[in-house]
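Q: Given next are the chains, with one letter for each unit.
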Amino acid sequence: MKLRVDGLSVRFHLPGAEVHAVTDARFELREGRCLALVGESGCGKSVMAHALLGLLPGNATVTGHAWLDGGDDPLDLVAAPEKVLARQVRGRLIGLIPQSPAAHLTPVRTARAQLAETLRELGRTETPDLLADRAGLRPDDLDRYPHQLSGGMAQRVANALALAGDPPLIVADEPTTGLDRPLVDATMAELRRLCDDGRAVLVITHDLRAAERVADEIAVMYASRIVELSQAEPFFSGPLHPYSRGLLDALPSRRFVPIPGRPPELTRLPDGCAFLPRCPLATAACEDQPLMNGKKVACHHA
Amino acid sequence: MPESTMPEAGEPEAGGPEAGGPETGGPAAGGLEANGITVSFGRHRVLDRVSLSVRPGEVVGLAGPSGCGKSTLARVLALLLKPMAGTVTVDGRAVTGWRHRAPQRTAIGLIFQQPRLAVDPRFTLFDVIAEPLRAARRPLDRAHELAEELGLTPELFGRRPHEVSDGQLQRACVARALTLEPRYLICDEMTTMLDASTQAHLVGRIEAYRERAGAGVLAISHDAELLHRWADGNVRDWRQTLAAA
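Chains A and B supply the protein sequences, listed in that same order. Counting in the working numbering, the first sequence runs from 1 upward without gaps. Counting in the working numbering, the second sequence runs from 1 upward without gaps.
Read the hints as simulated data drawn from the structure, not as lab findings. Treat the hints loosely; a few may be bogus.
Covered stretches of chain B (chain A as the covering partner; in silico rule of three or more C-beta atoms under 8 Å from a C-beta of chain A) [claimed, not checked]:
id	region
1	59-67
2	130-136
3	192-204
4	226-232
Using N, Cα and C, we set each Cβ at its ideal position, and we do this for glycine too.
Bound-form chain B, shown alone (with noise of 0.2 Å):
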C-alpha cells in the first residue's frame, strides 16, 4: 500500500507549506458516499441501511434528535468504525480497510463533540495541533499559520488542555483537523459546548476552508437553526436519510 498521501484540492497554492510534493490532479468528481451502512453494538442496531453522500465543496447538514445514531455514522463516514454491512466510497474508490488500514483515512477530517475527549492530555496545545503534521512527517509551519488563523497567541501553545477553555481547547481541534488539507470535513455537534461568538468563529473558519480547498462538508447537529444557516438549507433529516436507503 504507498504511502498515505492524500488527494489535493484542485487549487494551486504557490508557496504553500506542502513540501512533500503531493499528488497532484486530484479526482475531478466523486464524493464522500456511504451506501446501506448497518451497525450494530451487541444486540441493538444504531444504524439499519443508511445512505448519505457529501460533494467536494457542499455544506451537507445532517439533523436529528441525540443518540439516533449520528454520530456514529460521523465515525464511519471519518473510516474509525467499520460498518456490518455496506460501502464507503472516497472520490470513486471504495474502502476497503479502516481506521489506521485506510490509506483514505487523512483525505477526512473528523471534529468531536467534545474536545476534552478527543485530545491527548499530555500534549501541549501545539502537540495537538501539529501531531497529524509529524504522523505525515511534514514541516511543522502549517501548525502555526493554523493556530494563527484559530485565534490561538503563542502563549496558549505550551499549556495543556486542563489549562484552556472548551472554546480554546475546541479551536485547537479544528486546526488538527485542518492540518493535513482534508477533502472532506465531518464536523460532530462541533460547537454544542461553545458560546455563540466562538461558533460564529469556527464555523466561518471551515466555511473559509472550504471555499478554498473545495473541501465538502457534513455538518452534524440537532440545532436546526445553525445548521440552516450554515449549509443554506441543504439539510437532511434523519428520517429521510435512513429512507434513502
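Just chain A, with the same shape it has in the complex (with noise of 0.2 Å):
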C-alpha cells in the first residue's frame, strides 16, 4: 500500500475571496513507515487530511491526485466519486483517528454501540469487544457512554473505531489536541506500533514534540504549501527550512522564542515567498516563489 500525493490542492471559494487552503502538495506514504505534517494552526494541515477522505465542504475545489496504490489499480482518492469513497475508502481503505475523540463519538450512545454499529456497516464478523481488547479497553469500558469516558480512554475508542475495518492507512487529525503529556506518549506510541504493524501513517499535528515520538519523516507546511520535507532525525537536529527552524527554537526546551511577525492569511498570499516577512535570510530572490523541485526544502536560501 502506497499513498502518493501528486500536486494537491485546495481553494475554498467564499464570497469576495477565494482561501488557498493546500497547494500543489506532494509527498509519498509507504506501509510501515510514519509521516507527520506539521505546522502552525491555519497553515491547512486539517484541510489536506480531509481532503484525502472527501470531506471537504461543498465550496471546496480540489485539484490534484492523491493516488493510492495497493497493488493491482491505483485509486485517485482526488477523482473518485463519493459512492467509491463511502463503500471502499472510508474506515476501509483509509482509517480516520480525529481531533478531540470524545466530541467525535455520539453522546447519546454507548461506546460499545457505535463500535458495533462500525463493524456492522464494515461487514466484519470481530465483536466490539474483541475490538476493544486490541485498543486496550476493558469491556466494561465499552458500556459507558462518551461523556464518562476519560480523554484516554476516549482515545481508545476512537482508535478502536479508525481500526474497525482493519485499513492500511490510518490518517489522525491532531490526535493529541489537550491531551496531558503521559497520554500524549501514550498515543503516539499506540500509533508507532500502528506504523510497525504494516499500517501507513500520516499525522498532523501542531505538536512537534509529539511528532518526534512517532514520526520516520516530517512534512512543514506553511500558508499552504510543504516547504520542508525531511527524515525525522536530520530534521530535530539541522532542519533546513528557516521556518522550521524557527518553530524548533520556539519549543520550552530549546530557545523559547517565538517566530516574528505572523502568517499571512490564505485569502490574499503573495506571488514570492510567504515567508519572507518573517525571515531572517530574506534578500531579493524571495520575491520569486521558491519550489521544492525535489529537493528537501522550498528556500532560496537553504
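Got two chains here, each in a separate frame; can you build the complex from them with the hints?
A: So, in C-alpha cells, the structure goes:
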C-alpha cells in the first residue's frame, strides 16, 4: 500500500474571497512508515486530511492527485466519486483518528453501540469486545457513554473505531490536542505500533515533540505549502527551512522565542515566498516563489 | 458595595489609557491566596483542603495530570466558583462574594484552555477584547493597543470566532484578560491547543505584562517542560499542593 500525493491543491470559495488552503502538495507514504505533517494553526494541515477522505464542504475545489496504490489498480482519491469513497475508502482503506475524540463520538449512545454499528456497516465479523481489547479497553468500559469516558479512554475508543475495518492507511488529525503529556506519549506509542504492524500512518499535529516521538519523516507546512520534507532525525537536529528552525527554536526546551510577525492570510498570499516578511535570510530573490522541485526544502537560501 | 475599580499596580504610567481615575496606592504586600479549599461535585470530592498562593510579580507554575482538579482550583481563584469550605484572600482582603458579587473579580484575569468555549460566538473579535472595558465604562483605546500587541490585525477585528483559527482566538482571549490590567493572571492550560511559536509569543506577552505591571501569574499546565521554563523552576506539583493543606 502506498499513498502518493501529487500536486494536490485545495481552494475554498467564499463570497468575495478565495482561500488557498493547500497548494501543490507532494509526498509519498508507504506501509510501515509514519509521516508527520506539522505547522502553525490555520496553515492548511487539517484540510489536507479531509481532502484525502473526501470530507471537504461543498465550496471547496480540489485539484491534483492523491493515488492510493494497493497493488492492482491505483485509486485517485481526488477523482473518486462519493460512492466509491463511502463504500471502499473510508474506514476500509483509510481510517480516521479525529481531533478531540470525545466530541467525535455520538453523545447519546454507548461506546459499544457505536463500535457495533461500525463493525456491522463495514461487514466485519469481530465483536466490539475483541476490538476494544486490541485498543486496550476493558469490556465494561464499552458500556459507558462518551461523557463517562476519560480523555484516554475516549482516545482508545476512537482508535478502535478507526481500526474496525483494518485499513492499511491511518490518518490521525491532531490526535493529541488537549491530552496531557503521558497520554500524548501513549497515543504516539500506539500510532507507532500501528506503523510497525505494517500500516502507513499520516499524523497531523502542531505538537513537535509528539511528532518527534512517532515520525519517520516530517513535512512542514507553511501558508498552504509544504516547505520542508525531511527524515525525522536530521530534521530535529538540523532543520533546513528558516521557518522550521523558527518553530523548533520556539520550543520551551530550546530558545522559547517566537517567530517574529504572523503568518499571512490564506486569502491573500503573496506571489513570492510567503515566509519572506518573517524570515531572517530574506533577499530580493525571495520575491520568486521557491519550489521544492525534488529537493528537501523550498527555500532559495537553505 | 463600591463600584469595582480594581487596585492598580504601583507603576505610574503617564498618559496611559486609564481615564476612570483609578484608586491609587495599591496594597504593597499581599497576594492571591487560597486556603483549605474544598469543592465537591455531587458525591465526587474534586478539591480537598487545597492551599496555594501567588505573590504579586511572581510566576507560580502548577503541574498535575488532567482530571486532578487544576481547572476547578483556577475557577475558585478567579472567584468564579464558590468553594464549599476554605477561604480566598486577595491582597489581604477575604473574599465574601463570588462571581458577579465579587468586587475583586476584575483584579484577577483568567485565560482558559479552549478559547472557543470561552467567547460568545455572536461577538466579533474586537467585541471580545473590548467587552470588559465596556462593562467597566472605560474608553476602548486599550483594546486596540492590546490587539496590536498580541499580533491581531485590524482586518480580524470584525470576524467572528468561527472565522478565525484557535491561535487567533486565544490571542484575543489573552488581550481580553489584560484589558482591565489585572493584578493576578491565571493561565489554565492556555497554550495546549497552540503551536510552539504562538505559545512562545503568548507567554512572552504575559511575561512583558507581568514585568511592567508587577502582576502575579499562576501558570497551570500538564507540560512540565513549559512550566519550568516559564516559572523558572518555581513549580508546585499538584500532590505537594494537596499536602500543604
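Q: All hints, please: hold or fail.
A: Hint check results:
1. 59-67: Since 3 is at least three, the answer is holds.
2. 130-136: It is violated, with 0 qualifying residues against the three required.
3. 192-204: It holds: at least three residues are needed, and the region 192-204 of chain B offers 12 whose Cβ sits within less than 8 Å of chain A.
4. 226-232: holds (count 4)
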